[in-house]
Structures are given as C-alpha cells and as structure tokens.
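Novice: These protein sequence lines are chains A and B, in that order.
Going by our numbering, the first sequence runs without a break in its numbering and finishes at 119.
Going by our numbering, the second sequence runs without a break in its numbering and finishes at 116.
The set of hints was computed from the structure by calculation and includes no laboratory data.
All C-beta atoms in this analysis are idealised placements derived from N, C-alpha and C, irrespective of residue type, glycine included.
One or more of the hints may lead you astray.
Claimed, not checked - Each pair of labels, with its calculated beta carbon distance range:
1) B:S87 <-> A:G7: 29 to 39 Å
2) B:E74 <-> A:K18: 43 to 53 Å
3) A:V92 <-> B:A57: 26 to 36 Å
4) A:S22 <-> B:K61: 31 to 41 Å
5) B:E67 <-> A:T19: 45 to 55 Å
6) B:P116 <-> A:F14: 24 to 34 Å
7) A:S22 <-> B:H115: 17 to 27 Å
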Amino acid sequence: NAGVTQTPKFQVLKTGQSMTLQCAQDMNHEYMSWYRQDPGMGLRLIHYSVGAGITDQGEVPNGYNVSRSTTEDFPLRLLSAAPSQTSVYFCASRPDGARKNTEAFFGQGTRLTVV
Amino acid sequence: AQSVTQLGSHVSVSEGALVLLRCNYSSSVPPYLFWYVQYPNQGLQLLLKYTTGATLVKGINGFEAEFKKSETSFHLTKPSAHMSDAAEYFCAVSSGGYNKLIFGAGTRLAVHP
Numbered sequence: 005n006a007g008v009t010q011t012p013k014f015q016v017l018k019t020g021q022s023m024t025l026q027c028a029q030d031m032n033h034e035y036m037s038w039y040r041q042d043p044g045m046g047l048r049l050i051h052y053s054v055g056a057g058i059t060d061q062g063e064v065p066n067g068y069n070v071s072r073s074t075t076e077d078f079p080l081r082l083l084s085a086a087p088s089q090t091s092v093y094f095c096a097s098r099p100d101g102a103r104k105n106t107e108a109f110f111g112q113g114t115r116l117t118v119v
Numbered sequence: 004a005q006s007v008t009q010l011g012s013h014v015s016v017s018e019g020a021l022v023l024l025r026c027n028y029s030s031s032v033p034p035y036l037f038w039y040v041q042y043p044n045q046g047l048q049l050l051l052k053y054t055t056g057a058t059l060v061k062g063i064n065g066f067e068a069e070f071k072k073s074e075t076s077f078h079l080t081k082p083s084a085h086m087s088d089a090a091e092y093f094c095a096v097s098s099g100g101y102n103k104l105i106f107g108a109g110t111r112l113a114v115h116p
C-alpha cells in the first residue's frame with residue numbers, strides 16, 4: 005500500500021546545478037501535482053497534470069519543468085537551482101481532476117537545500 | 004480567483020480545551036473545502052471535507068468543521084484538545100479550472116499540559 009512515493013527525501017544542491025525530484029503513485033490517479041511549502045506561505049502549486057501527456061502551470065512555475073509520460077510518474081525538474089528554491093516539495097495525486105470533491109493524497113516530501 | 008485565509012499562524016491551547024482554527028475562503032462558485040493536517044516531517048493527510056449537503060462535517064480524531072456560506076467560513080473545531088493534536092493545519096479550497104487545490108498559509112497548533 006505505497007500510495008505516493010517521493011525520492012529523495014533530502015537533497016543539497018549547489019547553485020546552478022540541476023536535478024529531478026521523483027514522484028510515483030500506484031493508485032491509478034489521473035491528477036498529479038507538485039507543491040512547494042515555505043514557512044508562512046502554506047503550499048503553493050508549481051505544476052499539475054490531469055493525465056498522461058497533459059501538464060499545466062500552477063502559481064509558481066518559474067525554474068521548474070514537468071512531464072507526464074505515464075499515469076504513475078510525475079517528475080519535477082529543477083533546471084538551474086537557485087537559493088530561492090530551497091523549500092520542502094510535496095507531490096500529490098487525486099483520483100479524478102474533473103471532480104472537485106476528491107481528496108488529494110500526499111507524498112512524504114523532499115527537503116531541498118540550495119547553497 | 005479563489006483564495007483561502009487562515010487567521011492566526013500560531014494557536015496555543017491547554018490540553019482539554021476547545022480548539023478553534025479559523026478559515027475564510029473566497030470563491031465565485033460553490034466551493035469544495037478541505038482541512039488537512041501535517042505532523043512533523045510528514046506529508047499532509049485529510050481531516051475532513053465539505054462538498055454538498057450537511058454543513059456540519061465530522062472528520063477524523065474528533066475534529067469537525069461547519070460551512071457557513073453567509074460568512075464564507077469553514078472553521079475547524081475540536082471540543083477537547085489532546086497532546087497528539089499538536090501539528091500544522093491547512094485549509095484548502097478546490098475550485099476553478101481543473102479543480103486545483105488552493106491552500107491557506109497554515110496554522111500551527113501547540114497543545115500544552
């Protein structure tokens with residue numbers, strides 16, 4: 005009963021480096037999304053996907069790329085890491101993005117520090 | 004655009020006291036509202052949700068919330084706080100195109116003996 009799995013749990017990057025945060029879900033959910041959590045700001049939506057091959061921007065997309073080649077996986081790429089991207093990143097999935105009443109299931113988070 | 008405002012970034016209560024965490028929303032269409040809880044170093048988990056129907060919603064761990072359309076509020080309550088309730092609580096609204104979940108800034112609840 006894995007749910008939403010994020011890797012790695014912790015990461016330290018140097019400014020300018022790139023990396024990919026992995027997210028996988030085994031619940032056959034159509035809708036997946038990435039959030040970043042910063043103190044006093046709650047969770048802010050970075051990118052989301054309503055199904056394989058379909059992605060769109062959230063409220064803070066700059067500096068991040070996503071793709072959705074399969075239903076299960078939704079990786080988040082940092083192209084050139086900056087200290088402002090130091091944050092905790094959460095991946096979430098929902099059964100059906102067309103229905104407003106479905107709850108989101110969250111991964112355990114990736115704590116990223118950019119130095 | 005939809006938004007969520009949580010009043011009070013930190014709330015402290017005594018064990019056994021009433022817990023009240025405030026949430027107000029802004030939505031141009033009937034909202035779907037959620038409360039999530041985050042324990043230290045963990046992801047978020049659903050406490051309860053309001054979709055349609057009964058305006059008083061009961062959730063896990065003795066929490067409940069009441070949807071008040073006239074006040075655009077969805078406050079979370081628990082009659083008697085327990086030490087294990089110490090966590091951060093997030094109110095969220097699902098609305099708009101593709102039903103994005105929009106979160107409030109969160110309220111950190113401390114429970115002291």
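Novice: For each hint, tell me whether it holds in the structure or not.
Specialist: Verification of the supplied hints:
At about 22 Å, the beta-carbon gap between B:S87 and A:G7 misses the expected band of 29 to 39 Å. Between B:E74 and A:K18 the Cβ separation comes to about 49 Å, which falls inside the hinted range of 43 to 53 Å. Separation of A:V92 from B:A57 is about 35 Å and conforms to the stated range, judged on CB atoms against 26 to 36 Å. Evaluation of the 31 to 41 Å hint for A:S22 and B:K61 yields a failure: the beta carbon distance comes to about 46 Å.
Range check, B:E67 to A:T19: about 47 Å between beta-carbon atoms, so the 45 to 55 Å window is met. Evaluation of the 24 to 34 Å hint for B:P116 and A:F14 yields a pass: the beta carbon distance comes to about 33 Å. Look at A:S22 against B:H115: about 45 Å separates their beta carbons, and that is not inside 17 to 27 Å.
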